[in-house]
Amino acid sequence: MNRTQIKEGRFMPLTLNELYTQTKHQYHLSMIAGETGIDHIMNWVYVSEDSSTHDFLKGGELIITTGINCQDEASLYDFIETMIKSHTCGMILNTGKYILSEDITDSIKALCDKHNYPLIEMPWDVHIYEITRDYYNRIFMDTQKDTSITDAFLSFIEEDSLHHYDALRILEDNHFEKEDCYEIALMKCNKKAISDDLKLRLLFLMESYIKLNDLDIHIAFYKNHFLFVFHDMEEELIYNEISSLISTLENSFKKMQIYAGIGSSVHTLREIRVSYQRSLAALVYAANNGQEIARFEEMGFFRILHSVNDKNLLMAYHDEYLKNIEEYDEIHDTNYLETLHQYLLCNGSIQHVASNMFCHRNTITYRMRVIEDHWDLKLDDTVERFHLMTAFFIRDYLNL
37 MNRTQIKEGR FMPLTLNELY TQTKHQYHLS MIAGETGIDH IMNWVYVSED SSTHDFLKGG
97 ELIITTGINC QDEASLYDFI ETMIKSHTCG MILNTGKYIL SEDITDSIKA LCDKHNYPLI
157 EMPWDVHIYE ITRDYYNRIF MDTQKDTSIT DAFLSFIEED SLHHYDALRI LEDNHFEKED
217 CYEIALMKCN KKAISDDLKL RLLFLMESYI KLNDLDIHIA FYKNHFLFVF HDMEEELIYN
277 EISSLISTLE NSFKKMQIYA GIGSSVHTLR EIRVSYQRSL AALVYAANNG QEIARFEEMG
337 FFRILHSVND KNLLMAYHDE YLKNIEEYDE IHDTNYLETL HQYLLCNGSI QHVASNMFCH
397 RNTITYRMRV IEDHWDLKLD DTVERFHLMT AFFIRDYLNL
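Just so you know, we're using this note's numbering here: the sequence shown kicks off at 37 and counts up by one.
Wrong hints could be hidden among the right ones.
[To be verified] Derived DMTMM-like pairs (lysine to aspartate or glutamate); straight-line CA-CA distance at most 25 Å:
{"id": "1", "residue 1": "K235", "residue 2": "D252"}
{"id": "2", "residue 1": "K181", "residue 2": "D161"}
{"id": "3", "residue 1": "K94", "residue 2": "D161"}
{"id": "4", "residue 1": "K227", "residue 2": "E286"}
{"id": "5", "residue 1": "K291", "residue 2": "E328"}
It is worth saying that the hints were derived from the structure and are not from the lab.
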């Protein structure tokens, strides 16, 4: 199946292509090299004359330079190469004083072409102040639009009914219809706290991936998680894109472990809170089980437990069947509870329980006799076994 294409008019992050196309005549811009990378996401303008400033870059910046410190081919080549490695989206050379058009050699152009790095020339009589102020304003307006869309989605997720009318208007203006197919996914990494720097780098990579693949997804950072709103996309494709995105992120951050939870598909904006809550349950399930991605629809019996709002009721059910055995194990340093759990999982096969617990079958036979006698359990009764297995499911669910 082809990837879901962005609907006409749909908001997506600002790209260098958009700004270049809109302003190339106004500022007399001309593309010199690297035009194939023109669709890179652009999130800031950074005036730089020194490659040592690359430590301050987060990715996605458009670099503007006069070349005052790069007045020979080697230094200009090195400067551009450093900015490429810093994942900036492109560079404008303000030529005519410190750098001339003829100083931009074939080797520099080849470097930019190789890395799909847009290199743009702007004549000296265009003041840097004018173009930077214009671009800052455009970026600010773009950011405001993105924020308004995020806030609109959050008003439905948080059930802020006072603002639903305005939220619906904003979303419909950006082609998120009131009645359409939506699905929430959440993503987190194995760090307790995400720094602002790391958050920006991850968001940049995520937005770049979405833009590169023409996907109809809105991203936000919410309650220490990355939130994805998938719009009118099949569930199998959602899973594949999340999996591919995780691989992309982990290739860039080698020591990072990323987990994702995918909620359920809903058919109105008012229902996306349900999808969000289910994606959160799936995310917790994935992280606690060391599973890269969990889908709520594949969580089995946990889906039913998730729908029980009264957690005290679940705890009471658990305690009714398992608490006495738990307390006995703690006091006497025994392992009866896990033996019982394995017995139920193995459908009463002593041999399988012994194999799973690395014990002799006689040891398991003895333990099961103690369990049945001491706690008066009728393990040949199907209903009794169902209650016990349900209690174990509740235990695992409450430990998520």
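> Are there hints from earlier that the structure breaks, and if so, what are their numbers?
Replying inline: 2, 3
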